[in-house]
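Q: Protein chains in written order, with my numbering: chain A, 83 to 201; chain B, 1056 to 1313.
Since no wrong hints were added, every one of them can be taken at face value.
Calculated cross-link-like contacts (lysine-lysine; reagent style DSSO-like; alpha-carbon spacing at most 27 Å):
hint: 1; chain 1: A; residue 1: Lys194; chain 2: B; residue 2: Lys1166
hint: 2; chain 1: B; residue 1: Lys1166; chain 2: B; residue 2: Lys1058
hint: 3; chain 1: B; residue 1: Lys1162; chain 2: A; residue 2: Lys188
hint: 4; chain 1: A; residue 1: Lys99; chain 2: A; residue 2: Lys167
hint: 5; chain 1: B; residue 1: Lys1236; chain 2: A; residue 2: Lys146
hint: 6; chain 1: A; residue 1: Lys188; chain 2: B; residue 2: Lys1175
hint: 7; chain 1: B; residue 1: Lys1309; chain 2: B; residue 2: Lys1244
hint: 8; chain 1: B; residue 1: Lys1159; chain 2: B; residue 2: Lys1066
hint: 9; chain 1: A; residue 1: Lys110; chain 2: A; residue 2: Lys194
hint: 10; chain 1: B; residue 1: Lys1175; chain 2: A; residue 2: Lys167
hint: 11; chain 1: A; residue 1: Lys119; chain 2: B; residue 2: Lys1166
hint: 12; chain 1: A; residue 1: Lys146; chain 2: B; residue 2: Lys1237
hint: 13; chain 1: A; residue 1: Lys167; chain 2: B; residue 2: Lys1236
hint: 14; chain 1: B; residue 1: Lys1301; chain 2: B; residue 2: Lys1088
hint: 15; chain 1: B; residue 1: Lys1058; chain 2: B; residue 2: Lys1237
hint: 16; chain 1: B; residue 1: Lys1058; chain 2: A; residue 2: Lys146
hint: 17; chain 1: A; residue 1: Lys194; chain 2: B; residue 2: Lys1175
hint: 18; chain 1: B; residue 1: Lys1058; chain 2: B; residue 2: Lys1175
hint: 19; chain 1: B; residue 1: Lys1305; chain 2: B; residue 2: Lys1138
hint: 20; chain 1: B; residue 1: Lys1087; chain 2: B; residue 2: Lys1309
hint: 21; chain 1: A; residue 1: Lys167; chain 2: B; residue 2: Lys1058
hint: 22; chain 1: A; residue 1: Lys146; chain 2: B; residue 2: Lys1159
hint: 23; chain 1: B; residue 1: Lys1138; chain 2: B; residue 2: Lys1106
hint: 24; chain 1: B; residue 1: Lys1138; chain 2: B; residue 2: Lys1175
hint: 25; chain 1: B; residue 1: Lys1166; chain 2: A; residue 2: Lys188
hint: 26; chain 1: B; residue 1: Lys1162; chain 2: B; residue 2: Lys1175
It should be emphasised that the hints constitute simulated quantities derived from the structure, not laboratory data.
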Amino acid sequence: MSAYRSLGKNPTQILQKIKESLDRLNEKMEVMIEIQKHSQKENQSIPDVLDVMTLLSLPDHLRKTAVTISRLEQATAEEVAEQTKRARAVESGYLNQLVMMGYLEKERRGRKAYFYIEK
Amino acid sequence: MGKIVAFHSYKGGTGKTLMSVNLATIYASRGKKVCLFDLDFRAPSLQAAFKTDDTEYWLNDYLNGVCDVKKVLIDLSQRSERKGELLVGLANPSTEAIREMSAKDRKWEMKALGRLLSLKDSLLNEMEFDYLIWDTSPGLQYSSINAIVSADVALVVTTIDASDMEGTQRMTHELYDLFEKKTGILMNKVPAEIISSETGKRKMRKQFETVHGLPILEIVPCFCDVLRASGTYIFTEEKPEHPFTKIVGKIASKIERF
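Could you build the full structure based on these sequences and the hints that come with them?
A: Spelled out as C-alpha cells, the structure:
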C-alpha cells in the first residue's frame, strides 16, 4: 500500500498502478499454469526441442510466438509483438512461458531481454 | 509482399512437381519474379526437370548452414523468353546426399525450419520475389511439414484413388487444421468423362469440398498429352494453347487472389 500512498490522491494513477500489478500477476500465473501442464507432459517424455512436431503440439497462442522466434532467430518481446501484431506485454508473457517450458533461452543485455532457441 | 506457396500431397505421384514447375513458369511468363524450391530431399526431381548440370551449391547446403541461399539459386531467366524471372533451388539428387538428409535429427529439423522461415525476410522482403514455390515430399514427414509451416498457402494435390483420398482426408482434418494456413485442394488426373459436363464437375466439387472441408481450387482432368510429354519439357511453355496450360493459368490467378 505504501507504493500507492506515495502516488498521492490521483485515483486514475492508482487504478493504473493496480492494473499494472494485476497484469504482472496474470503473466506469472499463466507461466505457473504452463509449468504445471508441462511437468505433466514431461512424464510422457516429450523432449524439449522446438521442432515442427513440438510446434504443432503447442496451444495456438504459443505456437504463433514460437514460429516467430524460429523465423527471427533471436528477438525481444517488442520485436515479436511487431510481427504477431499482439501487445508487447502479451508476447512477453508467452515468451517467458516458452522459456519456462524449456524451448527458449533468455538473455539480458543491458535493459533488453533477448529470446532465442537454444543453440 | 510476395507469397510462399507449398505443394503437398498424401501420396507420391499425384502431380506436385508437374504443378509446381508449370505454375512457376506461368508466373514468370506473366512478369513475376519467381523461385521454385525442390524440398523433396528423398526424391529430388527438379534437376532432371530443368536439366541443370552445373550446380555448385544445393538447398541441402543452405539448410545445413554451409552457405547463403543466394549461392543456391540458379537463374533460368535467360533460357527462354519470359517477361519475369525464374530461379530454382535444387535438392542434391546423389544417393549419398539423400542418405545424409534422411538421417537428420530433430534438432537439425528445428534449425531447418528456422532457415526456411527466414527466407520470407531474405527472399520476399529483401530480394522482392513475388512467389516462392515449394515442391515438397509426400506424406507426413519432417521436411514436408517444415515446408507447410513456413508457407503462406498450402495446396494439397490429390487424385481420385481411394487410398489417396482417404489419407488426404485424414491429413487435412487432423493436421492441416493446426497449420492455420490458407489451404486448397487440387484434384488432379481426374478421368475426363467424369467432369465432361458442368453439372458433373459441380457435383464432384461439392462432394470433395464436403469430404475435405476445404475449397477445391481446381479439378484437373487427366491429359494423355501431359503424360506423353513425360516431364521432358515444361508443358505450359511448349504448348501455350493446350487446355492443361489454360487450367494451370486459372490456378495461378486463383492463388493470386487466395
